[in-house]
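Peer 1: Assemble the whole structure, with the sequences as input and the hints as a guide.
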Amino acid sequence: MLPNRIYIIFKAAALLLLLCMAAPAFSQHLHGQVVDPQHTPIVGANVIWQGTTTGAVTDGNGNFGLSYADATTASIVVSFIGYRPDTISVAGKELITVVLQPATNIKEVVVEGQLQRLSAISPANSQLITNRDLEKSACCNLAESFETNASVEVSTTDAISGAKQIQMLGLDGAYTLLTTDNIPTLRGLATPYRLNYLSGTFIESIDIIKGMGSVLNGYESISGQVNVKLKDPDKTERLYLNLYGNSRAKFDANLNLSAQVTPKWSTVLMLHTDHLGNRVDRNNDGFMDLSLGTQYNVYNKWKYEHKDVMSEFGVNALQETRLGGQMEYEKREPEGPNQHFGTESGTDRISFYNKSSYTFPGKPYQSIGLITSAAHHKFNSLFGRRNYSGEQNSTTARLIFQSVIGHTGHTYKAGLSYTHDDYSERLSDTSFARTEQVPGAFLEYVYNNSKNLTVVAGSRVDLHNMYGTVFTPRLNVKFDATPNTIFRVAAGKGFRVANPLAENTAALVSSRRFVFREALQPEQAWNVGGSFTQYFELGGRPGAFITDYYYTTFQNQVVADMYSTPQLIAFYNLKGRSFSSSFQAELQYEALKGLEVKTAYKYYDVKSTYNGQLEQRPMIPQHRFFVNLGFATPFDKWRADLTTQYFGLMPLASMEQQHNADLSMRNSDQFFVLNGQITRALKRWDIYLGGENLLNYRQPSPILGAGDPFGPNFDASMVWGPITGRIIYAGLRFKIN
Amino acid sequence: MKNIKALIFTLTMLLASVSTQAQSQKKGEETVQIKTSAVCDMCKKTIEKAMAYEKGVISSNLDVKSQMLTVVYNGKKTNTDNIRKAVNATGYDADDKPAQERAYNRLDDCCKKEAGIH
Chain A
10 MLPNRIYIIF KAAALLLLLC MAAPAFSQHL HGQVVDPQHT PIVGANVIWQ
60 GTTTGAVTDG NGNFGLSYAD ATTASIVVSF IGYRPDTISV AGKELITVVL
110 QPATNIKEVV VEGQLQRLSA ISPANSQLIT NRDLEKSACC NLAESFETNA
160 SVEVSTTDAI SGAKQIQMLG LDGAYTLLTT DNIPTLRGLA TPYRLNYLSG
210 TFIESIDIIK GMGSVLNGYE SISGQVNVKL KDPDKTERLY LNLYGNSRAK
260 FDANLNLSAQ VTPKWSTVLM LHTDHLGNRV DRNNDGFMDL SLGTQYNVYN
310 KWKYEHKDVM SEFGVNALQE TRLGGQMEYE KREPEGPNQH FGTESGTDRI
360 SFYNKSSYTF PGKPYQSIGL ITSAAHHKFN SLFGRRNYSG EQNSTTARLI
410 FQSVIGHTGH TYKAGLSYTH DDYSERLSDT SFARTEQVPG AFLEYVYNNS
460 KNLTVVAGSR VDLHNMYGTV FTPRLNVKFD ATPNTIFRVA AGKGFRVANP
510 LAENTAALVS SRRFVFREAL QPEQAWNVGG SFTQYFELGG RPGAFITDYY
560 YTTFQNQVVA DMYSTPQLIA FYNLKGRSFS SSFQAELQYE ALKGLEVKTA
610 YKYYDVKSTY NGQLEQRPMI PQHRFFVNLG FATPFDKWRA DLTTQYFGLM
660 PLASMEQQHN ADLSMRNSDQ FFVLNGQITR ALKRWDIYLG GENLLNYRQP
710 SPILGAGDPF GPNFDASMVW GPITGRIIYA GLRFKIN
Chain B
0 MKNIKALIFT LTMLLASVST QAQSQKKGEE TVQIKTSAVC DMCKKTIEKA
50 MAYEKGVISS NLDVKSQMLT VVYNGKKTNT DNIRKAVNAT GYDADDKPAQ
100 ERAYNRLDDC CKKEAGIH
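Residue numbers (my numbering), protein chains in the order written: chain A, 10 to 746; chain B, 0 to 117.
Treat the hints with care, since some could be wrong.
The calculated label-pair distances, taken between Cβ atoms and stated as ranges, are [stated by the list, open to error]:
{"id": "1", "chain 1": "B", "residue 1": "Asp94", "chain 2": "A", "residue 2": "Gln375", "range": "36 to 46 Å"}
{"id": "2", "chain 1": "A", "residue 1": "Lys387", "chain 2": "B", "residue 2": "Asp95", "range": "35 to 45 Å"}
{"id": "3", "chain 1": "B", "residue 1": "Val71", "chain 2": "A", "residue 2": "Asn458", "range": "45 to 55 Å"}
{"id": "4", "chain 1": "A", "residue 1": "His48", "chain 2": "B", "residue 2": "Glu113", "range": "33 to 43 Å"}
{"id": "5", "chain 1": "A", "residue 1": "Arg141", "chain 2": "B", "residue 2": "Gly74", "range": "31 to 41 Å"}
{"id": "6", "chain 1": "B", "residue 1": "Glu113", "chain 2": "A", "residue 2": "Gly548", "range": "30 to 40 Å"}
{"id": "7", "chain 1": "A", "residue 1": "Val470", "chain 2": "B", "residue 2": "Lys64", "range": "47 to 57 Å"}
Hints are computed from structural coordinates only; laboratory data are not their basis.
Here a beta-carbon is modelled for each residue, glycine too, at the ideal position from N, C-alpha and C.
Peer 2: Take a look at the structure:
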């Protein structure tokens, strides 16, 4: 009985196997073309068999070919950015023309996702910090947002204000262009404290582009671009509340409210306030470890969307006051023999922007956009006996036209821009003022062969009223050797007019005199670099390896020389070489289910010519190490994060008289910083508890000459490590979607 | 031969009795199947995550191909109406109940109905 049954089963199996093997013999190929309603071929459209991931991408003429052998159903799904995806039955067909209808509204393409933080699509080397990443670090300003990311460094500028600055490629934050929703913002005088001016709760995601980016946003970026995508009025939570408090008695409160006012209009109102009123001096140098401060920040965004027109308005107003210095210092303390050293500052800022675009009916690839913005920034500050105040009024306008040449494999953006900046600054008795008027034109061409090559070539010409014609060429190339192996090359030029006082505010908290040796020229630099990205799967879990190298060389730089003469900070134009050479290797891998590991090693060689001698730029470590462990239980109910950073030795400038002509320097110590956080998520509530600088490492005597702050050797600007020790914080988030 | 048959029979009965025992322990545990408008793996993630945070829901699974969502829940803590409402609140239809419009608009383009099952 049994053998008989087995025989039947075998026979059936053999028949089935035969059928399966025979199937491809019957199947044919499906060929077709994808076009738009005007019968323009669509290049790079995705065509897949429904229910599978197997498919093809249309070539330069919009053609594709598929094999029926890969099909599980006789339907294909055709999709392309800007068009409505379509599912088409192809039963029995060999040749087919697919007409894709344009999507009704075009949205900017943003690559998002939780695991894919490295964009595989962008032609530039970019990393994305998602909302989920933002929640990993302490609340509530932009500076803290970078703490779980290896590409951007955050450093403290001086020992008194505690202000934080970013660094990319080993270069000062001023060389990085900061944009919000792709509009340059917080430029010029706002640069030193700009990271405090955007609350983490305003932010949807952050895009970090290393090296040369697009020419569309102006000539200023040299080391990279950080684009902050603010919350979208029609996508964000209806209510979002975030409260935070830490062991230094710093409190933060954030509230976002959004509403769909009419079918066409939506709005989001974002409020932020923070306050620190507790004087703490844990290192017993007589100075507050952190400056006291209060900030009020309001951001309101409106969005209009109707058919082919989209418009967005935003207005931001902020006010901030700070007070730091010796523990006994009181506001507006009169000058006198027993005066305490103190710093005070008051900042008012208001800014506005509008972004409007019109997409041509039936041509989703063709649009015209106008971007305008205006900002008023004013501050008044006091550093000991030095008064420093400034005001900047800026207006910008940009007109961008975007279309294709023949088909979507060749696209271009062309446009005109105008920037007006009015600067006035006053340091003690000296005034500085300038007005920049810069009309410009730009063109960017994108070639995409729809398989594995993208070339972005752009250039812009600007007519600067003070410095003449500025030509800025830039090039980005992305080549996918395989879908998982990506090479990128970027090269280009950057140009910027430095604001030496604002960018060296930290040096005001010292007894160094500010000396301008000559009329300063704009800074110009070339940046060339590239990256290699390898995505992989190991043990069924995804990972990525990224390595990059960038070289920046300055034709001119405003050198802030604290080396050559003690008790001076001298400004002059670069005579000789100045460069930054940066290497980074990063590995990301989901080591265990739910446990993600990111490690990075960074090497920086950053040198400038100081008074004829090529020296390491101060306070940039040559070697850095970064490890981030992120653990999440299913559905993110519990999340835990641990970040360690190692900082190698950093060269420092000395205040003491040098005994020999050699610019012998002091070094910092090497140290580790450890941050961690645990979050518990409920349906509407998140509760988080964390710690910064858990190892409680502190820079020994961050303030030189603290005993005699009005004496010749006082210097609080040589900060290379944490000043505050361990900080424990807790907070909660409440959301209604 | 007969011995083997008897053994299999005994084993099956044993297993069945164990599982009925387990079921009687988790009294109130119910299962519902809901037809959704989910179209992709990302939708699956979104819906299953939303379910995980829903009161009374023990587990859930969405089959993208058939768009069927299977939810195991505690009948004492929630009911099928609540579960459907929760699906609607994430931007998806649940049986005859349409998705919340705002939630639907917030979905990524690839998760919208017109994208088709992919």
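Peer 1: Please go over all the hints and tell whether each is borne out by the structure.
Peer 2: Right, here's what the structure says about each hint:
1. In this structure the supplied range 36 to 46 Å holds for B:Asp94 paired with A:Gln375, their Cβ-Cβ distance being about 42 Å.
2. About 59 Å separates the C-beta atoms of A:Lys387 and B:Asp95, a value inconsistent with the hinted range of 35 to 45 Å.
3. Restraint check, B:Val71 to A:Asn458: a C-beta distance of roughly 49 Å satisfies the suggested window 45 to 55 Å.
4. Checking the proposed 33 to 43 Å range against A:His48 and B:Glu113 shows it is violated: the Cβ atoms sit about 22 Å from each other.
5. Distance hint check: the CB atoms of A:Arg141 and B:Gly74 are about 33 Å apart, consistent with the given range 31 to 41 Å.
6. Checked against the hint of 30 to 40 Å, the C-beta distance between B:Glu113 and A:Gly548 comes to roughly 37 Å, which is consistent with it.
7. For the hinted restraint 47 to 57 Å between A:Val470 and B:Lys64, the CB-CB distance of approximately 55 Å keeps it satisfied.
This entry does not satisfy hints 2, 4, going by the numbered hints stated previously.
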